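Given the sequences, and given the hints that come with them, work out the whole structure.
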Amino acid sequence: MAQLKEVGGFEYVRSFAMTNHTGNVSYYLVHGTHHREGVKLMKAAMWKADPGGGSVFQDRLHGVEVLFDPAPDTEPLRAELLSVFAGRSAISIDEIEWHTILETPYRETHVRPILTALEKSGVITVRRNATRGFPSGRAWIDFPNDSE
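All the letters of the sequence shown, read from the start, carry residue numbers 1 to 148 under UniProt numbering.
In case anyone wonders, no lab produced these hints; they're calculated from the structure. Worth double-checking, as some hints may not be accurate.
[What the hints assert, rightly or not] Derived EDC-like pairs (lysine to aspartate or glutamate); straight-line CA-CA distance at most 16 Å: (1) 40 - 119; (2) 48 - 108; (3) 40 - 94; (4) 40 - 108.
The structure presented is a predicted model; accordingly, all values stated were derived computationally and were not measured.
Given below as structure tokens:
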């Protein structure tokens, strides 16, 4: 992967291991792109993959394994967001979603439910020029100094 970045000049390189029912790697899919939108599209395609047929997709980015599941364990993402954005104020939803896409095995679609739960529990503060949700350019999130 380092060679794809250094020699191939790809800014973003991700690898995905396809494992079979025994847990052994069947093959690796490596994706390189110059555009962060390409990472977003590749993740969307991989998360839509049908795990039936004996293979299960695993993304081991940052040492976190995420198995395709209609309801994946997003606790590692919750902890990551609280850690990375700790003590920061006025963070846009766009910044949080791009961090999630580029630096974690998760998709941007996993972010808003986590932020909604964090807001409801009083962990984060959301300032918005909207009635609800996290509309782009109309909501700013303040994170606590430490991750609980």
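Q: Quickly compare the C-alpha distance for residue 48 and residue 108 to 16 Å and report which way the hint goes.
A: Judged against 16 Å, a Cα distance of about 14 Å means the pair holds.
**Q.** Proposed proximity, residue 94 with residue 40 (alpha carbon, max 16 Å)
**A.** 13 Å, holds
Q) For the pair supplied as a hint, residue 40 and residue 108, is the alpha-carbon distance within the 16 Å limit? A) 8 Å, holds
Q) Under the criterion that the straight-line Cα-Cα distance not exceed 16 Å, is the pair residue 40, residue 119 satisfied? A) 25 Å, violated
Going through the hint list in order, the structure does not satisfy hint 1, though it satisfies all others.
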